[in-house]
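Peer 1: Sequence order for the protein chains is F and A.
Going by the UniProt record's numbering, the letters in the first sequence line up with residues 1 to 168, in that order.
Going by the UniProt record's numbering, the letters in the second sequence line up with residues 1 to 245, in that order.
Some hints could be false.
[Claimed, not checked] Only part of the chain F face toward chain A is listed, based on derived beta-carbon distances under 7 angstroms:
1) D5
2) L8
3) R9
4) E10
5) L11
6) L37
7) R43
8) L53
9) S59
10) I60
11) L102
12) R143
13) L144
14) Q149
By construction, these hints were calculated from the structure, which means they are not laboratory data.
Keep in mind that this is a model prediction, so the values were computed, not measured.
Ideal placement from N, C-alpha and C gives every residue a C-beta, glycine not left out.
This is what each chain is made of:
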Amino acid sequence: MHELDEQLRELIPRLRRFALSLSRNASSADDLVQSTLERAITRWADKTVDGDLRAWLFSILYRQFLDAHRRTRRYARMLEFFTGRDDVQPSVERTVIAQSTLQAFDRLNSEQRALLLWVSVEGLSYKEVAQILDVPIGTVMSRLSRARQALRQLSDGEMTSPSLRILK
Amino acid sequence: MISLPPSERDLHAYVDQQLPESDRRVLETYLAAHPEVAAQVHAWQQDAHVLRAALSGALQQPANPALDPALIRQRIKQQSRRHFATAAVLLMAVSLGGLGGWQAREATQPPMLPMADAMQAYRLFAQDGVLPADYHAQGNATMQTWLDRYFNQAQRLPDLSQAGFTAVSGRLLSTEQGAAAMVLYEDRQGRHISFYIRPPGPENNFLPRGSRSADGLLAEYWSGGGYNYAMVSPQGLPTTPLLQF
Numbered sequence: 001m002h003e004l005d006e007q008l009r010e011l012i013p014r015l016r017r018f019a020l021s022l023s024r025n026a027s028s029a030d031d032l033v034q035s036t037l038e039r040a041i042t043r044w045a046d047k048t049v050d051g052d053l054r055a056w057l058f059s060i061l062y063r064q065f066l067d068a069h070r071r072t073r074r075y076a077r078m079l080e081f082f083t084g085r086d087d088v089q090p091s092v093e094r095t096v097i098a099q100s101t102l103q104a105f106d107r108l109n110s111e112q113r114a115l116l117l118w119v120s121v122e123g124l125s126y127k128e129v130a131q132i133l134d135v136p137i138g139t140v141m142s143r144l145s146r147a148r149q150a151l152r153q154l155s156d157g158e159m160t161s162p163s164l165r166i167l168k
Numbered sequence: 001m002i003s004l005p006p007s008e009r010d011l012h013a014y015v016d017q018q019l020p021e022s023d024r025r026v027l028e029t030y031l032a033a034h035p036e037v038a039a040q041v042h043a044w045q046q047d048a049h050v051l052r053a054a055l056s057g058a059l060q061q062p063a064n065p066a067l068d069p070a071l072i073r074q075r076i077k078q079q080s081r082r083h084f085a086t087a088a089v090l091l092m093a094v095s096l097g098g099l100g101g102w103q104a105r106e107a108t109q110p111p112m113l114p115m116a117d118a119m120q121a122y123r124l125f126a127q128d129g130v131l132p133a134d135y136h137a138q139g140n141a142t143m144q145t146w147l148d149r150y151f152n153q154a155q156r157l158p159d160l161s162q163a164g165f166t167a168v169s170g171r172l173l174s175t176e177q178g179a180a181a182m183v184l185y186e187d188r189q190g191r192h193i194s195f196y197i198r199p200p201g202p203e204n205n206f207l208p209r210g211s212r213s214a215d216g217l218l219a220e221y222w223s224g225g226g227y228n229y230a231m232v233s234p235q236g237l238p239t240t241p242l243l244q245f
């Protein structure tokens with residue numbers, strides 16, 4: 001009945017993958033996808049910028065993730081304040097030296113993960129990524145360059161300093 | 001057009017296949033001649049390739065029915081309906097409260113009877129003689145002139161002379177419905193009949209022709225020409241059938 005629904009349905013696997021790469025947890029990834037779809041459906045009528053639907057959805061999902069992430073961090077800080085200790089300790093798993101590209105990828109920060117997924121995996125143009133992040137194309141390229149270097153170094157096991165391994 | 005040696009950005013754009021065809025060929029020629037740069041580019045390409053392969057598995061997750069757009073659309077609709085229902089319930093509570101309050105007010109007060117103010121005015125001015133008249137008439141004609149000063153296109157004052165009543169005085173009154181006037185008729189025995197006129201009020205309560213009696217008074221009332229009217233007389237006055245207007 002809704003032409004949008006059909007298009008959304010086709011993109012759901014990609015949205016779930018992106019959400020998973022950001023949140024690293026299947027159920028919170030699906031929550032993220034669900035709220036993204038809700039937002040997309042309610043905002044569809046107001047959507048003025050036409051362009052790639054996928055890029056638009058990625059940008060909604062990414063913002064939702066950042067918002068949720070900020071909330072979680074605030075919550076963690078609050079928890080820390082009340083319990084007097086940091087409950088968010090790096091797990092043993094997290095401190096294992098990266099052996100594969102995927103593990104290296106998991107160690108990048110969320111923006112670097114998003115960048116590499118958008119560009120290397122999904123094949124979005126630099127322009128589309130610039131629109132999602134709301135930064136100039138040049139900035140996208142230099143951030144992408146740093147993300148690639150980081151991935152390279154992590155894959156080679158060169159960067160093992162704890163400060164870079166501990167994830168938020 | 002890219003310049004050689006290529007910038008790092010050009011190399012990334014090459015890896016991401018975002019270079020124009022001509023630039024791509026220029027760069028490929030350059031890379032063939034510069035193995036160390038080519039190795040760097042190859043490593044990036046390799047990383048991207050591995051990443052694509054590694055993440056392709058994540059596309060094959062079993063479907064989650066909760067993510068179906070039609071279902072989500074339905075849920076959004078239900079949610080907004082629920083919000084709407086909540087708002088409606090609130091509104092209803094307020095209205096019922098208001099209505100309940102209104103009904104309670106009516107229950108505690110005597111019900112509003114048609115032209116009760118006309119009867120009240122009659123009691124005050126015709127029976128009790130409270131307050132002097134605003135105007136003393138020298139006959140029906142002058143009385144009509146006085147009334148017309150305050151009410152546009154009011155009905156003509158009834159001629160009650162055959163019953164022995166003549167218009168003697170007029171009073172202006174202020175009522176909840178607006179300015180009213182009462183014209184008093186008197187006969188030789190000092191009995192009174194009143195003619196009462198006022199606007200229908202903000203709610204435009206026009207009346208069907210009717211009559212009612214209370215406390216020994218008879219009120220005949222009707223509407224016409226944008227006003228409500230009443231004739232109030234003591235009950236049992238033989239002139240009542242003469243009041244034809």
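Peer 1: A separate judgement is required for each hint: does it hold in the structure or not?
Peer 2: The hints, checked one at a time:
Satisfaction of the interface hint for D5 of chain F is found here, the shortest Cβ-Cβ separation to chain A being roughly 4 angstroms, below the 7 angstroms cut-off. With a least beta-carbon distance of about 4 angstroms to chain A, the hint placing L8 of chain F at the interface is held under the 7 angstroms criterion. Because the smallest distance between the Cβ of R9 of chain F and any Cβ of chain A comes to about 6 angstroms, under 7 angstroms, the interface hint for this residue holds. Below 7 angstroms, beta-carbon pairs count as interface contacts, and E10 of chain F has none with chain A, the closest being about 10 angstroms; its hint is therefore violated.
Annotation: interface hint on L11 of chain F violated; nearest CB of chain A at approximately 10 angstroms, more than 7 angstroms. Restraint check, L37 of chain F versus chain A: the minimum CB separation of about 5 angstroms is within 7 angstroms; hint holds. With a cut of 7 angstroms, the hint placing R43 of chain F at the interface with chain A is violated, because the nearest CB-to-CB distance is about 11 angstroms. Nearest Cβ of chain A to the Cβ of L53 of chain F: about 12 angstroms, over the 7 angstroms cut. The hint is violated.
The beta carbon of S59 of chain F comes no nearer than 18 angstroms to any beta carbon in chain A, farther than 7 angstroms, and the hint placing it at the interface is violated. Proximity of I60 of chain F to chain A is violated relative to the hint, the smallest CB-CB distance being about 13 angstroms (cut-off 7 angstroms). The restraint placing L102 of chain F at the interface with chain A holds, with a minimum CB-CB distance near 4 angstroms, inside the 7 angstroms limit. Interface hint status for R143 of chain F: violated, as the beta-carbon distance to the closest one in chain A is roughly 11 angstroms, over 7 angstroms.
For L144 of chain F, the interface hint holds, since its Cβ comes within 7 angstroms of a Cβ in chain A; the closest pair sits about 6 angstroms apart. Interface hint status for Q149 of chain F: violated, as the beta-carbon distance to the closest one in chain A is roughly 9 angstroms, over 7 angstroms.
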